[in-house]
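Asker: Sequence:
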Amino acid sequence: MILFLILFALALGSVSTSSEPEIRLERGTCPMSWYSFNGRCYKYVATRMTWAEAELHCVSEGANLVSVHSSAEYDFVKSLIKNFDTAEGRTWIGLSDIHKEGGWMWSDGFPFCSSSSRSSSHH
Numbered sequence: 001m002i003l004f005l006i007l008f009a010l011a012l013g014s015v016s017t018s019s020e021p022e023i024r025l026e027r028g029t030c031p032m033s034w035y036s037f038n039g040r041c042y043k044y045v046a047t048r049m050t051w052a053e054a055e056l057h058c059v060s061e062g063a064n065l066v067s068v069h070s071s072a073e074y075d076f077v078k079s080l081i082k083n084f085d086t087a088e089g090r091t092w093i094g095l096s097d098i099h100k101e102g103g104w105m106w107s108d109g110f111p112f113c114s115s116s117s118r119s120s121s122h123h
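Counting from 1, position 25 in the sequence shown corresponds to residue 25 in UniProt numbering; the numbering is continuous, with no gaps.
If you're looking for bench data, these hints aren't it; they were derived computationally from the structure.
Hints may be right or wrong, so weigh each one.
[To be verified] Beta-carbon label-pair distances, calculated as ranges:
| id | residue 1 | residue 2 | range |
| --- | --- | --- | --- |
| 1 | K100 | S33 | 13 to 23 Å |
| 2 | G39 | P111 | 18 to 28 Å |
| 3 | G102 | M32 | 35 to 45 Å |
This structure is a prediction, so every number in the text was calculated from the model and none was measured.
The beta-carbon is built from N, C-alpha and C at its ideal position, and this holds for glycine as well.
Please take these sequences and the hints and turn them into a complete structure.
Answerer: Right, here's the structure in full:
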C-alpha cells in the first residue's frame, strides 16, 4: 500500500469552479484518517510546516508528500484538500528541485514530466 500525505502550506491550483466533478472521498483499505484513490492512500494534515518538515513528517508515517501523475489524481487531491479546507489554502506537494536547481523531482522518487511533455497519464 502506498501512502501519501498532503500538508498545509503551497498553492496547488486554481480556484474551483462548479463544473468540477464531485469526487467522493472513501477510506477503502486505507488506515483511519486516510482516503483511497486508485489503490493509493492519501491524508491531509492541516499543520503549518516548511517543505522539508512536511516531507519528514510524511516519512515518519511511512509516506511521502503527494506526487501527482494524472489529471484524475489531481482532481482527487484538490477534492481532498477542499474537504478539509474550503478556502483551498496553500498546500505542500512532493515536487521540488531541492537536489539540483531546475531539476524537478517528486519526493517519492518519480521523475517529473510536465503536462506538455506527458505521453501517458503515469509519469
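Asker: All hints are to be evaluated individually against the structure, with a verdict given for each.
Answerer: Hint-by-hint comparison with the structure:
Between K100 and S33 the C-beta distance comes to about 34 Å, which lies outside the given range of 13 to 23 Å. Range check, G39 to P111: about 20 Å between beta-carbon atoms, so the 18 to 28 Å window is met. The hint said 35 to 45 Å for the Cβ distance between G102 and M32, and at roughly 40 Å that hint holds.
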